[in-house]
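Asker: Starting from the known structure of chain C, fit chain X onto it as the hints suggest.
Protein chains in written order, with the working numbering: chain C, 1 to 152; chain X, 1 to 152.
Treat the hints with care, since some could be wrong.
What the hints assert, rightly or not - Okay, derived cross-link-like pairs now, EDC-like style, lysine to aspartate or glutamate, Cα gap no bigger than 16 angstroms in a straight line:
| id | chain 1 | residue 1 | chain 2 | residue 2 |
| --- | --- | --- | --- | --- |
| 1 | C | 128 | X | 91 |
| 2 | C | 128 | X | 19 |
| 3 | C | 27 | C | 17 |
Bear in mind the hints are in silico, worked out from the structure with no lab data behind them.
Okay, here's what each chain looks like letter by letter:
2 protein chains.
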Amino acid sequence: MTPGASTLFSPRGSEQEIEEGEIFAPKFDANGLIVCVVTDVQTDALLMVAHMNAQALERTVSTGEAWFYSRSRRALWKKGETSGNVLHVTEMRVDCDQDVLWLRVRQSAAGACHTGRRSCFYRAVVHKGPDRPLVLAFRDDERVFDPAEVYK
Amino acid sequence: MTPGASTLFSPRGSEQEIEEGEIFAPKFDANGLIVCVVTDVQTDALLMVAHMNAQALERTVSTGEAWFYSRSRRALWKKGETSGNVLHVTEMRVDCDQDVLWLRVRQSAAGACHTGRRSCFYRAVVHKGPDRPLVLAFRDDERVFDPAEVYK
Chain C
1 MTPGASTLFS PRGSEQEIEE GEIFAPKFDA NGLIVCVVTD VQTDALLMVA
51 HMNAQALERT VSTGEAWFYS RSRRALWKKG ETSGNVLHVT EMRVDCDQDV
101 LWLRVRQSAA GACHTGRRSC FYRAVVHKGP DRPLVLAFRD DERVFDPAEV
151 YK
Chain X
1 MTPGASTLFS PRGSEQEIEE GEIFAPKFDA NGLIVCVVTD VQTDALLMVA
51 HMNAQALERT VSTGEAWFYS RSRRALWKKG ETSGNVLHVT EMRVDCDQDV
101 LWLRVRQSAA GACHTGRRSC FYRAVVHKGP DRPLVLAFRD DERVFDPAEV
151 YK
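The following block holds chain C by itself, in its conformation from the complex (with noise of 0.2 angstroms):
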């Protein structure tokens, strides 16, 4: 943990001070991380879920603005450095026992997923039935923007 993120977070205390408590001791797996669920203000549409070690939380909560850890990259990541699209954090909550937390944002532009769709969770998972594999199908598919232009 980053000196400046160790004084932001405070350690774990009991049970009954994580879950009803005012101070925002937050749990990191095995890996430093926790999960972020990040949802739009505005529609409350699910846009996207990621992971935050204490330094991308540090810079999140210093500047305002959505910074996660990429585990396939292994680097600290701010989003819409290169799409253009930064999250503007509202609201950040916390869960019950402190381990997800909860981004309510406000967007610079459309389209959330690096797919070019507006949220990560374009297809649903179909039971055609019994020992039948799951299919997805595609649902609010939409590209708002295009991936090969705007990553390129």
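Answerer: Frame of chain C, contents of chain X only:
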């Protein structure tokens, strides 16, 4: 992975297949778990975030009711088994890289959180200024059931 589960899920393919295909190939983490975001299908409210293992996902698909895996209790867990608030899955979605599930549910009763609140996200994270630790402010924290009565 259980025999039943292995017929439901497909192996991971190329990035193109995973992101743009119709094959359901969920990515379980090193512990065999996948993150699940749960929202109310009528209000779009974020209720909770939990994990599933392959068996929990299989049972959710076969029963239409949400099953999870409790990391603290190391056990399969049917949501609502004690409280009565079973979650009926109206739609399941998966994100672009297929490592997060989204369950849109109809609740049997109000109060998805074990603390008695409608949602697990009843506290906002508040920044009081540089070098001041983050604190929590209660929001939408009315109790809709008494956990001492329900979980006695």
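Asker: Hints numbered earlier in the text: which of these fail when held up against the supplied structure?
Answerer: Violated hint (a single one): 2; every other hint is consistent with the structure.
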